[in-house]
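Enquirer: The residues making up each chain are set out below.
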Amino acid sequence: MKKKIALKVEQLSVNYDKTPVLWDICCEIPEGKLVGIIGPNGAGKSTFLKTLLGMTRPISGRIEFFGQPYRKVRNRIAYVPQRSSVDWDFPITAFEVVLMGRYGKMGVLKWPNAADRRAAQHALDMVGMLPFADRQISQLSGGQQQRLFIARALLQDADLYLMDEPFAGVDMATEKAIILLMDKLKVQGKTLLVVHHDLSTVDNYFDWVIMFNTCLIASGSTTDVFNSEMILRTYGRSNALLDEAAKLTQSKTSGIK
Amino acid sequence: MCLSSALVGVIVFLRKRSLLGEALSHATYPGVVLSVLFMAIFFPDSNALAPAILVGAFLSSLLGLWIIEKMERRFHAKNDSALCLVLSVFFGLGVLVASRIQFTHALWYKTVQIFLYGQAATMTNIHIFLYALLGVLLSGVLIFFYRQVQMTIFDRDFSGTVGVPVRWVDSFLFLLLVLAIVIGIRSVGVVLMSGMLIAPAVAARQFSHRLWTVFLLAAGVGAFSGFLGNYLSVELPQWGMRRGWNWNFSLPTGPMILLSASGICMLSLLFAPRNGLCTRLVRILRFRKQCLEDNLLKSLWKRDREGGVLLSEVKKWQSLSFLQMLFLVWRLENQGWIERTDSQIQLTKEGKSRAAYIVRLHRLWEAYLVFLGQGVEKVHRSAEEMEHIITPELEKELADLLGDPKRDPHSQPIPSKEETL
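Those protein sequence lines, which keep their order, are chains A and B. Residue 243 in this note's numbering sits at position 243 of the first sequence; the count goes up by one each step and never skips. Numbers given in this note's numbering equal positions in the second sequence, counted from 1, plus 257.
Do not rely on the hints blindly, as some may be mistaken.
[What the hints assert, rightly or not] Now the in silico label distances, taken between C-beta atoms and shown as ranges:
| # | chain 1 | residue 1 | chain 2 | residue 2 | range |
| --- | --- | --- | --- | --- | --- |
| 1 | B | 477 | A | 200 | 51 to 59 Å |
| 2 | B | 532 | A | 187 | 41 to 49 Å |
| 3 | B | 390 | A | 113 | 27 to 35 Å |
[As the list claims (entries may be wrong)] Restricting the straight-line Cα-Cα distance to at most 25 Å, the calculated cross-link-like pairs of lysine-lysine (PhoX-like) are:
| # | chain 1 | residue 1 | chain 2 | residue 2 |
| --- | --- | --- | --- | --- |
| 4 | A | 18 | A | 252 |
| 5 | B | 573 | B | 546 |
| 6 | B | 572 | B | 559 |
| 7 | B | 609 | B | 663 |
| 8 | A | 18 | B | 327 |
| 9 | A | 18 | B | 335 |
| 10 | A | 72 | A | 105 |
| 11 | A | 247 | B | 335 |
| 12 | B | 546 | B | 609 |
Just so you know, the hints here were simulated from the structure itself, not pulled from any lab data. Predicted model only: the values in this text are computed from it and were never measured. Beta carbons: idealized from backbone N, C-alpha and C, even for Gly.
So here's chain A without its partners, still in its complex pose:
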């Protein structure tokens, strides 16, 4: 039986201004897994997600979703960005944020119809935010804002969910609620890629991990690869020399001393 692959990455390298942020990443993620992306700060985890979604251009590499390039399967992929990337003072209500999940499927000049609104309300209900539907987003707590993003992603009805630090700055109750939702999605056969920062919960939450620190350290099921040796290699200092070399490369090629 051929295993179905949700995401295949080959030799992906991304630079920021001549400094490598991702170096030669190769990995394969099967469908129906809850994947944790682990690594220290600055390891390129967010950049990895952004490159997958075409927001950052790699200098080399190939990315395939379900065996096809991104632009062909864009409708099957949902993105939950970091909370800090959004302006929370913007005049918009919680309901309108969630409704945005449908915008991708509507035509250019169409407006959301009653069915779309109904679906948005359902999604709000699933994350427990229905009573806050008409609240201005600046009046919501961090956990509530995160739930809004998740509800929006749910509305997109995707097969692959990419989430950037969904548990950052979120209260315990919200974290538990989000994990339950993720499990529910996994049971339905969806694949989830989650950038995660808390090592202590990796065993509990994820059944597959990708660990990297600019280059790939390990990729596989949690039971196989999430052990102390790999953790040490990811978070240890052996990669520091790589940083040093990268800085030297940058200064030599751009002429700055």
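Once you've looked at the hints, dock chain B against the given chain A.
Expert: Structure of chain B alone, referenced to chain A:
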């Protein structure tokens, strides 16, 4: 004209790039000057001066925009440095050429000057038609692509992933900005144009949490200020003349429009129903008044004696001046919380319930803090503040959590719910 600039101003304001409007409006000046010079030299008798100036202003503002982007991307200049540089260099160039024109083409110089501070009085039908058309176009386009605009400004990354061409939307919005500026400088002037972008947006933001309401309100404020400014610039000197003062001049429209818009903006910042400064002040004062009343009623309740209490005694408990206390007592009596017989005051039935309620909240909060692990000596202070703040929902949750306690940490009885009704 002011309507379209107000609409675009909302976008610029929400993107937190208000200074860009300032830089770009100043960048139109050399375009204006050069196109006047061009027409003066090559087509002095043409009727197409107005459109020529429009085109010149548009092009030079676009050039300014391009330079700003290049400086930020290629040369890694900081945003405000790039804006400052473009603003001063472009404007300076314009002033330079204009001062030369003052002597070589003196008649044409006047046209150029109009664009510094705006002047509506000399606009012809061509102007009005042209600007109205452009204004309608701008508004129409915004309505058409409302969803894309809303999405891109709010959450750029997400919009990219659902297929919105964010780069195109960005360029498109920049174009709209330049267009709105170019339309507006005839009546508001180059120097003050950015105010017309921002003031209506700020005013509108005070009143609403929904984007389309903000757009509508800003458009309204913009249109109204435009009208008021034009009206005042014509009427005010005439009013002065009628009074016998020697006001034989016409006020430039730009400053008048801007003063109107800023006036409305100031009023909205002060008096907006939700967050206006004065509205908030009133709320704060009301809350303080409530606290004083609560405290007095509480003191009376604690010293529950038949026959009431002498006024002079009450003065001793509270740290109020005699006048303040008299006023407070008068107000409480008026509202029916206390009754007065001779010089003694006593709680009414309602007053007793209200006081019991406050005491209940105070003691419930103390019990809660001790439950969390705070020392018994420290909880009184916090409860003194919280007793005025706790809502009925919170009260119910506290009672449920603590199991409807009958005694507080100081072993004093907590009034039951029935006593407080």
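Enquirer: Let me make sure I understand: some of the numbered hints might not hold for this structure. Which ones are they, in numerical order?
Expert: none
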